[in-house]
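Number of protein chains: 2
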Amino acid sequence: MLKDFVKAAKPEEEQITKEVKQAREKLAVYQMKIKEAKLPVMVIFEGWGSAGKGSVIGRVIRSIDPRFFTVKTMGDPSPQDMRYPFLYRYMKEIPEAGKFVFFDTFWMEEVTGQKMSGEIDEKTYARRVRSINTTERSLTDNGYLVMKFFFHISKKTQKKRLQALLDDKSTAWRVDENDILENKEYKKYLETYDRYLEDTNRSAAPWYIIDASDKKWAELQVLRFLNQGIDTALKNHSLAVPILQNTFRLNKIPLLSEISLADKTISDEEYRKELDRLQKKLRDLHNELYLKKIPVIIAYEGWDAAGKGGNIKRITAALDPRGYEVQPIASPEPHEKARHFLWRFWTRLPKDGHIAIFDRTWYGRVMVERLEGFCSENDWQRAYNEINQFEKELAEWGAVIIKFWVQIDNETQLARFTDRQNTPEKQWKITDEDWRNREKWPQYEQAVDEMLQKTNTSFAPWYILESNDKKYARIKALRIVVEALKKAVEKK
Amino acid sequence: MLKDFVKAAKPEEEQITKEVKQAREKLAVYQMKIKEAKLPVMVIFEGWGSAGKGSVIGRVIRSIDPRFFTVKTMGDPSPQDMRYPFLYRYMKEIPEAGKFVFFDTFWMEEVTGQKMSGEIDEKTYARRVRSINTTERSLTDNGYLVMKFFFHISKKTQKKRLQALLDDKSTAWRVDENDILENKEYKKYLETYDRYLEDTNRSAAPWYIIDASDKKWAELQVLRFLNQGIDTALKNHSLAVPILQNTFRLNKIPLLSEISLADKTISDEEYRKELDRLQKKLRDLHNELYLKKIPVIIAYEGWDAAGKGGNIKRITAALDPRGYEVQPIASPEPHEKARHFLWRFWTRLPKDGHIAIFDRTWYGRVMVERLEGFCSENDWQRAYNEINQFEKELAEWGAVIIKFWVQIDNETQLARFTDRQNTPEKQWKITDEDWRNREKWPQYEQAVDEMLQKTNTSFAPWYILESNDKKYARIKALRIVVEALKKAVEKK
Chain A
1 MLKDFVKAAK PEEEQITKEV KQAREKLAVY QMKIKEAKLP VMVIFEGWGS AGKGSVIGRV
61 IRSIDPRFFT VKTMGDPSPQ DMRYPFLYRY MKEIPEAGKF VFFDTFWMEE VTGQKMSGEI
121 DEKTYARRVR SINTTERSLT DNGYLVMKFF FHISKKTQKK RLQALLDDKS TAWRVDENDI
181 LENKEYKKYL ETYDRYLEDT NRSAAPWYII DASDKKWAEL QVLRFLNQGI DTALKNHSLA
241 VPILQNTFRL NKIPLLSEIS LADKTISDEE YRKELDRLQK KLRDLHNELY LKKIPVIIAY
301 EGWDAAGKGG NIKRITAALD PRGYEVQPIA SPEPHEKARH FLWRFWTRLP KDGHIAIFDR
361 TWYGRVMVER LEGFCSENDW QRAYNEINQF EKELAEWGAV IIKFWVQIDN ETQLARFTDR
421 QNTPEKQWKI TDEDWRNREK WPQYEQAVDE MLQKTNTSFA PWYILESNDK KYARIKALRI
481 VVEALKKAVE KK
Chain B
1 MLKDFVKAAK PEEEQITKEV KQAREKLAVY QMKIKEAKLP VMVIFEGWGS AGKGSVIGRV
61 IRSIDPRFFT VKTMGDPSPQ DMRYPFLYRY MKEIPEAGKF VFFDTFWMEE VTGQKMSGEI
121 DEKTYARRVR SINTTERSLT DNGYLVMKFF FHISKKTQKK RLQALLDDKS TAWRVDENDI
181 LENKEYKKYL ETYDRYLEDT NRSAAPWYII DASDKKWAEL QVLRFLNQGI DTALKNHSLA
241 VPILQNTFRL NKIPLLSEIS LADKTISDEE YRKELDRLQK KLRDLHNELY LKKIPVIIAY
301 EGWDAAGKGG NIKRITAALD PRGYEVQPIA SPEPHEKARH FLWRFWTRLP KDGHIAIFDR
361 TWYGRVMVER LEGFCSENDW QRAYNEINQF EKELAEWGAV IIKFWVQIDN ETQLARFTDR
421 QNTPEKQWKI TDEDWRNREK WPQYEQAVDE MLQKTNTSFA PWYILESNDK KYARIKALRI
481 VVEALKKAVE KK
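These protein sequence lines are chains A and B, in that order.
Under this note's numbering, residues 1 to 492 are what the first sequence spells out, in order.
Under this note's numbering, residues 1 to 492 are what the second sequence spells out, in order.
Treat the hints with caution; some may be incorrect.
Identical copies carry no separate label here, and so any pair may be met within one copy or between two of them.
What the hints assert, rightly or not - Computed cross-link-like contacts, DSSO-like style, restricted to lysine-lysine with a CA-CA straight-line distance of at most 27 Å: (1) 215 x 454; (2) 33 x 160; (3) 337 x 92; (4) 392 x 293; (5) 92 x 351; (6) 292 x 235; (7) 273 x 115; (8) 35 x 337; (9) 169 x 35; (10) 313 x 215; (11) 293 x 92; (12) 281 x 160.
Hints in this document: simulated from the structure, not taken from any laboratory.
Make a model of the complete structure from these sequences and hints.
What follows is the structure in structure tokens.
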């Protein structure tokens, strides 16, 4: 793309000044429409060192009220960042509805830099590109406008600018070794950038190459594309997007109605013995996980009153409290609802070596949000694939992912609800909403079946916990966790 | 305290088991009451290495539903943490209303560790102790329950436990050099711990020394104190607290009614010239700030339509967007309202070398929250001192703090409101609430006068920007900022 890039005809100086002024006014008007339409806007600046990204960002934001934007400089990942998936530090910073975030370099800088230095091999590079493409797609699918600018200058221009910076004592510190190297090996970098731009130039979030040989002209190009992009996004904002096919290899899993519950029981004696034995094992494994820096994600979904809480407790009882966190997931807070539906899960991931247990999860999208109409049909239909992608990211990061569906039958739920209602200490556990949800059992059952079928991947499998007998379910959960962790520890 | 510590009589084994069971049940009941009363609970575990803090935390949390607590292991500050004030990483983690946070070591560990290693001198130590005491007090004043446990064991017991850990291959990694050193120089550490406990043993958040020679017994002691503490806090939760006297040296500042506005004007020519000159200076200073790692906080308060936004823009126009952030402050979101009122400002602080510009600030507490009844009288009366303390922390961290009150008269506001109402592009800037607030001008004026008088400290002074002529106010703001930054840069 860079190699074939044909510069747009640069207008006269005077014309540029005039057009910049108009474009700024347009952007000032758009900021209000963006707010009204609750459109989240990511503006990503990448490009050569000294191409003037920072100063153009500085000019562009002058048209926008500070309430509506922030600027983020991503830089290199810190040691803390390195303990999370590659995408983590980027996903944390995505804008909320109605606001701009301007990024001074983003994932391109990290990936191409690591490719050039040999820190990542061809295979990892390909995986990064895939992660980026699917994430950008998922962002735009969820209503984000993603604008990507590459600031392009020639080797000669870059050299001149670097020299000018170095010659001035007050700016010399801005030039680092990387900039020098980039200029020296301009051609090699050009190849890498060009390839990356090709690899990530998708229709949902295409690249705009900016002729950055002149700052004011660069600003005008950015403003033109940005205004165009916003205009299109505002027009399309409420349109549904074509749903990507879910092409993950899925394992078979029974329908809920095929699961037999009555025979899944355990004697008290056996329970005690197994609980003790498995918790001891789990305790030791937790130590090893920590030392080997393996992250673990345990996701619990299930019927109300199925016994999730008690089940989780039997797991955590064996864990060092410094190495795990239980994440209870309720309905999203306003600042969470204003972002991509997976944002609040991205920001709750465990560090490597740590365990996160989710009490309810991102699957709310295809259960409660689907059935209560909190998102559109297009949203939840799309979500199976988005969730599989998300879990794939976690798996490739090295996480062990265990997903539990805690299953009971309709009569057992009724018995437990009634018991809660009649026992003063338990009354807080039962609300009118629980009763209302219960009435929708058939719809939920259908949604759960669809969810289990469509998201039972090899890297993030579902396990059914038959929980009419809670003790049986607890032992089964412990066994599955111990087994999965043993395998992960041995492999690493 | 440690040296004079008399162990409580340890009950028989059987009695402990019985009491632990009862205490756990009590705690399980309390968790619901805490939720109802919206009580935030901080439980801080400090003490000797290998005293069993982690395992007692693990036992105590078994009685509590994961929805109601988290466990935080603080560890050493990361390089990222070091770019913020000492208190920052702790304040970030305070619990929200109705929830527990259990801390596996807190600020004591950091301060005593640094004191022992000589990283901080006597003066810094004294400052840390003061920061901690005022912060703990402010937390309890704002309705937090702060429980502090010190886990005490003898030199002999510690040695035995460390040896046992070292002897087992699977646990040896848990023992680090510090633990060994602590045991070797037990007496010196004892002196330091003892002194710190004395220094921070205040009635609002007293220390509880736990005889940790036996784990189960330690758990029982913790549970007893914790239940007691919760019981007292629940009883006192809605009681007002005695207000600490505001003992900061305050500089004189005029009443709003004494400020003359009509004569504060500037010609267009002078404005252009000065704007240019000052923005150039500011640009250079921003570079130096960055290099010298000086954090800057600029706080804007003022009447609606006084021209805060335009004023801020003239500052930011001179800044590199990678080095500053404008923080627009609206009414708090639910997760913000659920915490100490300063929490959302702590978490928005700039890194060192960066500038944060607050468009409205923590002074909302003594203006809108006071006048609209969003907090109690005790709350806002207390807040002057709390705010002075907060700003003092920032100043001692090395921050430049500049506070602007943007002043206009009543007629000018009316003219600007009317103009906004009548100009389609400006209508979004004016709401019914603005008109309602305008009716309360006299009450606001009184509150602002009181605020300016009570918080005009030498380390965080107020500056009046006379803004009937917006251009005059912009130039004045730029001059003040340039002056303050120049002084800070020269000093460092």
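Which hints from the list above does the structure break, by number from lowest to highest? 1, 2, 6, 7 and 9
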